[in-house]
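Enquirer: Given chain A, put chain B in place with the hints provided.
Each protein sequence line maps, in turn, to chains A and B. Using my numbering, read the first sequence as starting at 10 and increasing by one per residue. Using my numbering, read the second sequence as starting at 95 and increasing by one per residue.
Hints were generated in silico from the structure; no laboratory data involved. This one's a predicted model, so the numbers in the text were calculated from it and none came from an experiment. A few of these clues could be false.
[Claimed, not checked] Only pairs whose alpha carbons sit at most 25 Å apart, straight line, appear in this in silico DSS-like list of lysine-lysine:
1. B/Lys173 / A/Lys97
2. A/Lys80 / B/Lys390
3. A/Lys97 / A/Lys80
[What the hints assert, rightly or not] Footprint (simulated), chain B over chain A, 3 or more residues, beta carbon under 8 Å:
4. 56 to 62
5. 68 to 79
For every residue, glycine included, the Cβ atom is placed at its ideal position computed from N, Cα and C.
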Amino acid sequence: MKLPLVRFISRILVVCMILSPLHAGAGLIGTDQVLAAGEATAARERIATILERAEVVRQLQAWGLAPDAAKARANALTDSEVVELAGKLDALPAGADSTGVVLLILAVVLVWWLFFSK
Amino acid sequence: MFACAALALGGCVSLPQSEALRASPPAGLAPRVELTAVPFHVQEDFLCGPAALAMVFNAAGAAGDVASLTPQVYLPGRKGSLQAEMLGATRRNGLVAWRVAPRLDSLLAEIAAGNPAVVLLNLGPRLFPVWHYAVVVGYDLEAGEVILRSGRRERVAYSLGFFEFLWQDAGHWAMLALAPGRVPATAGEADFAAAVAALERVGRLQEARAAYRALLERWPDSLTGLIGLGNTEYALGDPAAAERAFRRAVAAHPGVAPAHNNLAHALAALGRMEEAEAAARRAVALGGPMLAEAEKTLQAILARRAAAPAVRGTTP
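In isolation and in its complexed conformation, chain A is listed as follows (with noise of 0.2 Å):
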């Protein structure tokens, strides 16, 4: 009596079986692994990145950003981006101006160039 419902519940164990991803530890090759691939010091430049990252959040931090919003924007980031931006953050520019300020600063150097070149 109780066989049909123990096979069908079998069958149902050896589809789910088959189906599911294969286990925690094998993992498909990421797209960017594979844009990184070829360099052969690429996981040496990989832990490093990580650690940068790490160093760009703390940074974020550091200029005002809560701890949240400091991890999501560095997340955003790519590899190469996280290198430009580490340890460089107080110093790279950072896009602000108001027109009032450029129209000053343009008459500056109006002034400035009237007054020099002659």
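Expert: Only chain B this time, still in chain A's reference frame:
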């Protein structure tokens, strides 16, 4: 006033790009383009980054305004927005962030192709820079002008030379925010593939999949494009589509181990363990820097195959 400044500055500054462009405009470049449909977002103090992004996002069909984008790019302590974060915020909003080559002719070619560009300008002297983001929406070669949306002005025209002067201290930095499916007019395969992979990395999988498809339309054998398409299909729960992409990858690049490794995963997810094992064995045999991954894949497939016959015995 700006024309005067440009004239004045022209005397003491070398502006090779605009001079070359004026002397011999690239063949095939439309003489005059203005993308009038690009909306305008007025900039409040210090918020030119969010305002510039909002304009190009809207033009690409994505939502966004200064209020919603400020928390994504504005850095309070610096009273401004960093270039890298302009690119990052673009990805977080599901658009492909792409750096234009630092050349005036490349920038104008993108405008002609309908892609407004965010540029970084220095409005101050070199020693005391005043950094400012603006959006280039047009140009006129005959008049020698670049047309921008900038700060509080919806339309401002600078002479090519003056624009180059403002642009050069930022290393001629320009970026596009592209709707997934669009490929920049001046893109190369490698740089565009990297831009799409970056979108995939932040988890915008559907947009990345659309962008990989567009990449493959232009470069059908792109390894990054085929692996990326397969990976996004797999992650979005379509192993059959992933298999098709990985098959194309191994056909075009038979010596690339990751293509075989990922094909093995797609086949295993489809329950075709024999084919999966064969693909994994090829990945292991090819070796290379990802050998450890391929070995893990093969072990997992062998473990699954060892377990499966015992279970299969209970089914009729």
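Enquirer: What are the numbers of the hints that this structure violates, sorted from low to high?
Expert: Hints 2 and 4 are the ones this structure does not satisfy, whereas the remaining hints hold.
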